[in-house]
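Chains as they are written, first to last, in my numbering: chain A, 1 to 261; chain B, 1 to 261; chain C, 1 to 261; chain D, 1 to 236; chain E, 1 to 236; chain F, 1 to 236.
Each hint should be verified, as a subset may be incorrect.
[Unchecked claim] In silico PhoX-like links for lysine-lysine, alpha-carbon gap of 20 Å or less:
# : chain 1 : residue 1 : chain 2 : residue 2
1 : B       : K43       : F       : K169
2 : F       : K22       : F       : K229
3 : C       : K18       : C       : K43
4 : E       : K220      : C       : K43
5 : F       : K5        : F       : K169
6 : B       : K18       : B       : K43
7 : D       : K212      : A       : K43
8 : D       : K22       : D       : K169
9 : A       : K162      : A       : K43
Everything labelled a hint here was simulated from the structure, so no lab data went into it.
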Amino acid sequence: MNDVIAEIKRDYIYELAKRSERADGRALDEYRPIQVEVGLIGKAEGSARVKIGNTQVLVGVKVQPGEPFPDAPDTGVIITNVELVPLASPSFEPGPPDENAIELARVVDRGVRESGAIDLSQLTLPDGKVWLIFIDVHVLDHDGNLMDAAALGALAALVNAKKPCERYGYGPDAPLPIKESPVAVTAVDLDGEIMLDPSLDEETIASSKLTVISGLQGALAGMQKSGTGTLSVEEIARIVKLASSKAMQIRDDLFGGSTDG
Amino acid sequence: MNDVIAEIKRDYIYELAKRSERADGRALDEYRPIQVEVGLIGKAEGSARVKIGNTQVLVGVKVQPGEPFPDAPDTGVIITNVELVPLASPSFEPGPPDENAIELARVVDRGVRESGAIDLSQLTLPDGKVWLIFIDVHVLDHDGNLMDAAALGALAALVNAKKPCERYGYGPDAPLPIKESPVAVTAVDLDGEIMLDPSLDEETIASSKLTVISGLQGALAGMQKSGTGTLSVEEIARIVKLASSKAMQIRDDLFGGSTDG
Amino acid sequence: MNDVIAEIKRDYIYELAKRSERADGRALDEYRPIQVEVGLIGKAEGSARVKIGNTQVLVGVKVQPGEPFPDAPDTGVIITNVELVPLASPSFEPGPPDENAIELARVVDRGVRESGAIDLSQLTLPDGKVWLIFIDVHVLDHDGNLMDAAALGALAALVNAKKPCERYGYGPDAPLPIKESPVAVTAVDLDGEIMLDPSLDEETIASSKLTVISGLQGALAGMQKSGTGTLSVEEIARIVKLASSKAMQIRDDLFGGSTDG
Amino acid sequence: MEFMKNGKRIDNRLPNELRPIKFEVGALERADGSCYVEHGGNKIMAAVYGPRAVHPRHLQQANRAIIRYRYNMASFSVEERRRPGPDRRSIEISKVSREAIDPVIIKEFYPRSTIDIFVEILQADAGTRSAGINAASVALADAGVPMRGLISSCAVGKVDDTVVLDLVKEEDNYGQADMPVAMDVRTGEVTLLQMDGHLTLDEFEQALELGKIGCASIAKMQREALIQKYRGEEDE
Amino acid sequence: MEFMKNGKRIDNRLPNELRPIKFEVGALERADGSCYVEHGGNKIMAAVYGPRAVHPRHLQQANRAIIRYRYNMASFSVEERRRPGPDRRSIEISKVSREAIDPVIIKEFYPRSTIDIFVEILQADAGTRSAGINAASVALADAGVPMRGLISSCAVGKVDDTVVLDLVKEEDNYGQADMPVAMDVRTGEVTLLQMDGHLTLDEFEQALELGKIGCASIAKMQREALIQKYRGEEDE
Amino acid sequence: MEFMKNGKRIDNRLPNELRPIKFEVGALERADGSCYVEHGGNKIMAAVYGPRAVHPRHLQQANRAIIRYRYNMASFSVEERRRPGPDRRSIEISKVSREAIDPVIIKEFYPRSTIDIFVEILQADAGTRSAGINAASVALADAGVPMRGLISSCAVGKVDDTVVLDLVKEEDNYGQADMPVAMDVRTGEVTLLQMDGHLTLDEFEQALELGKIGCASIAKMQREALIQKYRGEEDE
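So here's chain A without its partners, still in its complex pose (with noise of 0.2 Å):
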């Protein structure tokens, strides 16, 4: 994108964005259509590709046993990477994580761990073994929220997934033992209007973004600010408040309002 093209776009986003409107027609609350698909990866324990608009992902979970950390054996272990693959956008290059994958895989991670959407205590095993839950996001497809995405892609690959225990000769295979529904919704804020679902022009444009992980009561999980942009205090009140309603609205839509069991 050159400097005058993007130029243009800005101004034009900004003057859509003082009548409420955005580029695609959609209102300032709307995400773009999201699609889940499970089950695509047979070689994974648990998969799942999701769509928001153009922004594509796939999530792997893979399920293994394997030794605790020391400092509590009683607990299984979740393992989140991110891969933004060259295949996924002009910007992404090859070679390991860099800040941005990172960040991406840690929030995800920790939308995972402290919602309690995997009840821990339960993956142990009878040879003091855990199982080791990895949580693979490949980004395929990058036209902006990825945040959102890639813990949606998460959230459903895991409860997709199921323990191996037929392989490894643990008894019959059965489902990890999912306790909390977290989603992300992120938005970000152009002169005043808050927009969820940001397009890549719009992430682009704006300086920066909030995600606001909550769970089924809608009470947060997580929060992380990126893009070196400001909030105030009162647009961070707002788009909480926004955001946690909205995520149920989406929990609501896909997962028809209950994970568990």
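Based on these hints, arrange chains B, C, D, E and F on the given structure of chain A.
For chains B, C, D, E and F alone, kept in the frame of chain A given last:
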């Protein structure tokens, strides 16, 4: 090599090829002089220095007890590595193995492994360990056709190697269980003329190479085309036949036709 | 420092040297003020901050139970690392230790190890483990003569350190078995004049340095010349004698002449 | 392990039969060209970016585009989770795949640029390099990169002394030989050839012939997938 | 674990009480600006170099300075020796800390340059990212880097269902929520906000309010430390 | 371990006796200069490339050549296979070896270039850095690099309280001190000096003197090897 000289060289070599001749006077299917010297490196369990013309490689084989792969507890382990150290060529750079070094190592490794050159089932040890065989190819002087030199060095060093049983308390030292004798023959195609053992100039000019690894009975154990050129099915068929019979001749010359026992 | 200023500085320092003087008024064999403060870092088993003039290093010693080397099961382990963090100098860059950091670490390590400063045979533990001693030198401000500051910091932090026996259930805490007191003295030669404790300007101008590490009785435990200059045999002999007696004086001033017990 | 029974293979195919293959052209939004392929149990996404500027600059060629090719396996694509990032196997495959595709790209049209090909193995079930090359070739066409032809690839192998086409995992792991081939079927030029295992000279000739037939079938599917996409676009 | 007893916390503080904090401006000789901070058990050194030339060059921005921020833990700063060098946690903290400081720096004054901020955690006891940002902010002022304001940071959290200010290690590890905040207290602009754990919407609003108060107290100390240094210099 | 018996060492040498040394000048075809040395059990190949262009460019010096030196051990050069690539020891040895050779090279003749020295340890038996420097020095002369003198190097040490020349592995591992020295024997300038172990001041002076004698013998062999090569060439 600057561009003008490169072009003149190229034209010259092509001219010669049209008349079935080569810059160093060899016949098209003739190798440069091959020298093999074994046992130079007393600290290695086996070693061989191979010169093909001015190309020179030193191969060390270390044999140590270690853990087998979990899915193959009764099988020894072969690990092959090639170092294209910057001492050997102005075009080699310090650093971890690049794609050329990795390709070389993997082709040599597959040649040894897939031909059954070593009977891996005879490498178990009474205590549940197995012999690990490290084949390390150290390239000293690169004047073309490293593949054949590396493969020959690996074979000669393996034949030269001993299992250091005494050192680890497993009884008297013994040779490795050698069962096959894979020999690599590399060819290039210049304007329809097939040349074996390309010199550095020849392989620089030819856009693709084909390496054919064959065993005692002439059967194929491995093949690798490399380079951005193409080969017709007919050329491939010709090269494969030629290579298989040339390999027998090289094996006869160097090992007296047999390496078993 | 641009080139003109560098040259003026260089001339100035050489002029002074000819008159046996130094830019900061010190005598040629005089150190800048040395300050040693121990125990700053409560999370480390031992720590010391050493200032030599404006040069400042912080050394932390961690002591943990761990596996001995297989070929020395009755011997504790020392691991020394130096971090030249970019906070300490405009010439330091982020990243893994470069050759300067590695040289510093290895000279400090050899000084401790070869002088017998710690009786490694007294670091065994009843369960077959041994104490691992990590000496981590964190350079905070680089104004010349890091070698002496690092070596002094390592010694002071080791003397300050305790074996954390209680934490790991091995009885009451105890000091490390200190047996020697190696002190490093570094000299440069400017036009035949030997200067101890070179400042950053002095060591930049001098093309080579010699560090001499000596023990309680004045005997040598380590030496390292560095830099692309040369030293005559006579200069070396003079520096070694001077350094050995200077080390005694520094040791007396800081540790009261004895560190054992 | 018994591989052949009544002339049929463990997944009930004939020796010269390919697995089911499905191409989806233009599966991605951001890439300049893309193709998703399912080939038996393999699920693979290929994308092409370029021609575009080269970084770092010293890689630029004054008179032609450079071609880069990255074959990468997702950590969840195989039975045991693999660590992300390139390993020795994927570095070799990236090299031979690049060399398999490079000959048909008309590089002289784009001096000082790069054409970047990315192949992500989302699920692996033997023959990933071949399936990746097939998808990459279609993605290049989708990106409008000028080519002299399409590259088609498949593996041939030997199980129970029978030469067979397009191995599945078990045939690949426990069979007697594996030989991936890539070619431009219209000119008959072979651009990739690897082999390991044990083949007599006769078996090799059989295998090469069977590889030609397999590539020809795949080329047909590649062309159909591209035609369908452009026909679809014209209809709109 | 019981965190609150008679309205007091495990280290005897009130819920809205900060730990003892001490800033030392200009603690280093070589850096252009520096600040050493002790914040409870945290001991942290921050240094600023720049504006200075950018290497490698392609990072240069034609119309402004770039800001780099490196948060690094000394190997001996924590109970178990940690391997030197960046890990995933420190890479994330470096990013959010840079984004916390960046908004107040007037970058347009120094095109094609970099301002490098280095924060070394010498001893860690919860809240290192906040304490590091506080020290970095003072070090920037000490280096004479033009800023629109000072950034002040602290963590808020929840233990025993009570919202508390400035967590210690045990509160951080075993408490119910942790929420670091950074802001320019004069404008009220928040530049860093992270949260994990469990907060109701009401608790969140309480926490944000408490964070504002904490940042305001810290801003006062930062200013005093800077004034003292420059008063000191004038006295000389 | 007993090292001295009847005035003889474990390999029957006198205290001031070198091991057998053999230089082969011009052992490689591609390098601009090369030298293979056998020194006791050490087998070492040295090669020189340059003066040639420097990459990356920012390493260039406007008024002189830079010198690079890479000491590298083959994985099979020692008893236990070592992982390929540099470790901390080889990085330090590369540095001190470069500084040992650098002073005699006339760098001003080749601004903006590099002279690259590569030393491969094919078999190691104590004293590899010294033997490598000796070979590198001859390889530089073979490459026609202008030098003010030849650098010669050997180790001195102490075993059973006796100062001895040119340690073998056992003397190095279990002896009392090890001190490698390098010098230009014609000017008496020392370019490398390292020591570890235990030496009194008197022993140190003895050792330094013995090192000078050792270097002088080696310098003679280096010169003879070079003369022989060029005489040989004239004869042809």
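Against the structure, the hints:
no.: 1; hint: B:K43 - F:K169; result: holds, 13 Å
no.: 2; hint: F:K22 - F:K229; result: holds, 13 Å
no.: 3; hint: C:K18 - C:K43; result: violated, 48 Å
no.: 4; hint: E:K220 - C:K43; result: violated, 29 Å
no.: 5; hint: F:K5 - F:K169; result: holds, 17 Å
no.: 6; hint: B:K18 - B:K43; result: violated, 48 Å
no.: 7; hint: D:K212 - A:K43; result: violated, 31 Å
no.: 8; hint: D:K22 - D:K169; result: holds, 19 Å
no.: 9; hint: A:K162 - A:K43; result: holds, 12 Å
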